[in-house]
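Peer 1: Letter by letter, the chains look like this.
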Amino acid sequence: MGLFDKLKKIISKKEETTAKETLETYDKGLEKTRDEFVSKLNLLGIKYTKVNEEYFEELENLLIMADIGVNTVFKFMDAIRARVKSESITDTAELQEIIVDELFILYVNNESLSDKINFASSGPTVILMVGVNGVGKTTTIAKLAYKYKQEGKKVMMIAADTFRAGAVAQLEEWATRTESLFYGSENTDPSGVIYDGLEIAKKENVDLVFIDTAGRLQNKVNLMKELEKMNRVIGKIIPDAPHETLLVIDATTGQNGIVQAESFKEITKITGIVLTKLDGTAKGGIVLAIKENVGIPVKFIGLGEKMTDLKVFDIESYIYGLFKDMI
Amino acid sequence: MFEYMGDRLSKAIKNIRGMGKITEENINDAMREIRMALLEADVNYQVVKEFVNNVKEKALGLDVGKNLKPDELFIKLVKDELINLLGSEVAPLETKKYPTILMLVGLQGSGKTTTAGKLANYLRKKESKHPLLVACDIYRPAAIEQLKDIGKSLNIPVFEEGKKEVVAIVKDALEYAKENKNDYIIIDTAGRLHIDENLMAELKNIQEFAHPDEVLLVIDAMMGQDAIHVIEGFNNALHLTGCILTKLDGNTKGGVALSVRHLTNVPIKFVGDSEKLDGLSMFYPERMAERILDMGDIMGIAEKVEDIISETEAKDQMKKMQSGKYDLEDFLTNLKQIKKLGPLETLLKMLPQARKMGLNNVQIDPKQMAHVEAIIQSMTPYERKHPEILKATRKQRIAKGSGRSVEEVNRLLNQFEQMKKMMKMMQNGNMKMPF
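Protein chains in written order, with the numbering used here: chain S, 1 to 327; chain F, 1001 to 1435.
Hints are computed from structural coordinates only; laboratory data are not their basis.
Just so it is clear, CB atoms sit at the ideal spot from N, CA and C, and this is done for glycine as well.
Some hints here could point you the wrong way.
Here's a subset of chain F near chain S, in silico, CB distances under 8 Å, partners left out [stated by the list, open to error]:
#, residue
1, M1036
2, E1040
3, D1042
4, M1223
Taking lysine-lysine and the DSSO-like style, the derived pairs with C-alpha atoms no more than 27 Å apart in a straight line are [unchecked claim]:
#, chain 1, residue 1, chain 2, residue 2
5, S, K229, F, K1340
6, F, K1340, S, K225
7, F, K1319, F, K1367
8, S, K47, F, K1276
9, S, K265, F, K1276
10, S, K40, S, K75
11, F, K1421, F, K1320
12, F, K1421, F, K1319
Derived CB-CB ranges, DEER-like [unchecked claim]:
#, chain 1, residue 1, chain 2, residue 2, range
13, S, R177, F, L1335, 45 to 53 Å
14, F, V1167, S, T176, 22 to 30 Å
15, S, K229, F, Q1418, 53 to 61 Å
16, S, D240, F, D1080, 36 to 44 Å
17, F, G1061, S, E54, 24 to 32 Å
18, F, N1236, S, E266, 51 to 59 Å
19, S, N109, F, E1232, 30 to 38 Å
20, S, K306, F, E1179, 38 to 46 Å
21, F, V1167, S, K236, 46 to 54 Å
22, S, Y195, F, E1179, 46 to 54 Å
23, S, E266, F, V1406, 32 to 40 Å
24, F, Y1139, S, E111, 49 to 57 Å
25, F, L1335, S, K306, 45 to 53 Å
The shape of chain F in the complex, shown without the other chains (with noise of 0.2 Å):
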């Protein structure tokens, strides 16, 4: 799986390649890259001075057996590094008493409201709870119709009581779990800078008063070096017992989360990864070394796809295709499946050696998807089993019936013939994705 590194620092790393042993001069060109590539990542510099010096010398200490590969041990020891900074354990959420109460804070514009709204979701979805919203954000205009807006198309209750004193709001807001038995409080805060003393202090009041399990910190995973003021700055005014990443969708690589965990101790919890409701997951050290040196995400892929497709369905899908029984009935119920999976680019990023295929870039217009789709649609059920009926007059009916031209139906078999073959000839367990 090594050899998945961005461009720049597996050239860097060849040079180690075939080396009887790791020296200075040899991991020279890989170490600069490695810089590089941390603080293009917007890494704090610091962390970036010490992590290079601390893998230099564990490197440099490396014994290379025989058959080993030092490149790969090279490699191996700056992932296994990044991880152990990252906190190489999954935190979850602290749950020390009913009702469990999370409040979460952040600078302005972090997507503080819009993670409210997919903790709640995620807490009822993965873990049958019971959350309450609580709109606190009594500043920013129209802050509370957004809440509302989201608690709406979740459908969880939102606790509003306008422009009131925000601890006056959370202490009607606990009133009102209790008597709707509501098992997690979620505090949506407006957002404010780290050096704002009157508002800072307004969050202290709802801390001392509300006694937060969780004050969670919500972070642009886009920042740049300053993010180590704003995380020093809440965490010494509120002791902030965990962050979530937002914004990880985008093509940012997200370094802040190094500057986290090592320069303050507080534990990455979630990260946000869609626009979508659903757009929250827990955080994997793992996963974001792999992002962070480009090394793509299948672990992410893999849970995507189980939370869509469950294992019998693949199980069957799989059987179809080797046994070539796989027509294109199966393909529209794939082509939906993947459109479930959210945007393709996302997914295509997450494949490992993504930079180096031009993947990271490749732009998918969903529209073609939907032209096949049409297509397909446009068949009749027989013919969709048995695609080799279709002669001109009926490619003529399907071309008319979908909109598009009998090249595009004759283009789309074609291809979807070559896919078959190839399903064939994966048969010898080696699956793959056909897309």
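Bound-form chain S, shown alone (with noise of 0.2 Å):
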């Protein structure tokens, strides 16, 4: 049982400063998430102490609440119906464990996941946020500068969202805040933003470049066109760049999370997600149909509006916090 065992241990052993102030930010951000979702599930172990098939219906009711995403969970309720019937499992509680324990492997699926930036060797990292209308792509870079800025990294901001009104007046007054360095201008072609923020990015030495784009729903072709060039640009300039390419989702995403992130991917290599906005009532666990899916696995998760709410995605410490009370 190995995650659950390890969930154990981190609960018992909360000495581990660094693990325990991670799971402490979890704890709180996802509390109202965890709240809804946990109450329910000990519920149902109330109401139902023996695994029927009504318990099945309202696991699998509980799950798509959670909107993991109605194809994942039709399978992942193939798998537990099947662990229940090789391991006659007939107690609920010993089947929360194991629903855990099959969440676990779902999202890891055998796979080494990386959370890290993958880092330039050389010159200016550059990583770009794409995503669609208000997921919080303007605000992450703003959470992310301010991160690396406190671990001693040069940073910029590129504003190449051109189109939406106020955009990189927004933009800019993140960069002051976060005393990063800034470039961008309104109404102009966001390609041409780049090439010259990328080209004073070289010239002043800067660590780490963030490139905000409009938001773009993934239908609409000329937009995901110009994505593409923006891309050619980026490489152009700085080759093998951008280093990362961080498609952010909002929390609250229902199903079409999934065809975000293939419409996505299919224009330019998407690294990793940003799953935002986790400090409500929203589950998010659509990312973990979209890596079922998709095989883009989360980086960043943000648990509220202070600068420090943004945190590295780890899925033992977002499944702890899911389930911690039921444990």
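Using the supplied hints, reconstruct the complex from the two chains, each of which is provided in its own coordinate frame.
Peer 2: Below, the structure is given as structure tokens:
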């Protein structure tokens, strides 16, 4: 029972301060999310002491309500049913452990996942932020910039969202607040802005460049082509760049999240997902479906509005956050 | 029209075709597909469950007459029940007092500021009103600038006082509106979580002070199952009068619409369906039902076309097409009109059976349309009326003028000839768009 034992160990060994800190933020940020989910799962355990069809149906409901994705849930339910049968499980308490275990297996899928940022061996590391409208790309850049500033990096922001009213001003204000370098101009070709911006980044010996792009719905051909062009321009000025292309997804997103991930992946090499707005009641379960269907791992999660509320994603802590009260 | 369903659903329904009556057995597949379709559209799990049970019960009670096709009867039932759930009637804006105050609330990133601009534009364009936009998002960096930019591009006044306390801003805005005779006041508020008590209290303060005619929740159509918590959270605190569903121009099904109406009884009043500032339409339950069931939206297309082309213009065009007098000049005019309709992909997607014909993911390169335009524009007016005079040298000149190749010019001319033939064939009143 790999994960479950690990979780229990983490809980009992609270003297490990770094681990504890991470867990505490996860804990706080996911509080609302977890309260809902876990209390329901517990209720389920009280309501049904024996595993039967009704129990399965309510479990399915719970997982779908977490936005884990219809097909993923059905597949997951099949796996649970199979284990219940082969291991002759009748007690729901025992099954709860298996549920957590299987969720973990589903996400990890025998891969070694890296949540690290791929830094350039020399010269500026370029991180391109993409996503649909209103998911929190600009705010996420601010939080990432803050994080790497704290680590002593020289950070720059390039405002390539030349479309939305006020977008450039918004990023510029974040650059001022985080004391990052800034380049951007309104109503111009975003690729042009990137070109000029990256030239400056090279001259200024910047360590880390964040490029903010306009929100684009994945079915808008023009805007997706524009993204392709941006990618070409970036690669022309800094070979191997962008080193990371992060797709920002709102935790409240439903089934469309899978389509978003698929479409963006077709156009540009998405290296990871940033899951934002997890401090609400949304569970962001769609990332499990995205990982399963599209194979993109989550790298960061947003757990609040403060600068320090962006955390490196850790699947164990995530599931721990969802299930803590149950253990 | 009932064959316009989504693929899987129509396959499942075939089972019922030709059956003498509807039994639990022969609708089982169809019910399962409907359940999947609704869950994949992010309709709330409870709502799906109730809906499926309800439809099943009613379907079994259906009296299949001798002349009726049970599959059509069944689909009509599903659609009617969906429309029922969606509210069956169009809900217009309330206007209890003068000036009418509309307050927009919602989560971060749902599209409040853009929607505020669209709403103002809608009221001015469709109802000849004089709206005032009020910037009350004092938290997000540059939110006020964003609203000011939108106001500037629409030439609609925006009232702002920087990061002052919001009730004070609203108070001053009301004064300003009085002086300037604005009949609608649209308050844009900051995005917030429904569980953030401090920020929810701020909204309550505005509400208690200004008594808005409408408190509208702006909600992202891509939202998943959490939507119900958000809607209930805002509704419990503020007693919402309506919802505006945004980002429907994406390829999301927008099942959240069903959950909103069924679980809270809050009507959906508008939908945002393009990034442009005229991309706001009234919410029609029937169209939404068709979208969720993948049945296309002919009405929506008709309305978009009406906005651009007048009826007389359309009739003149028809006459020309039928008499074979349609020339490249007319074609160019039509091309420009189509461009005004917005992205072609959006239009194609609204066609019934779009999914079946693979049109829902069709990618049209706007450059290609620009090339066609360039070629026609490189012809003389006489050539456009009489393309038959175009021979090698003229074609070469046109190719050079438009920066395209002679092959492309030829291809265009061939396609145009074929189109004319098709138009003539359609004479018998069977009007279809040639595109």
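Peer 1: Which of the listed hints are broken here?
Peer 2: 7, 8, 15, 16, 18, 24
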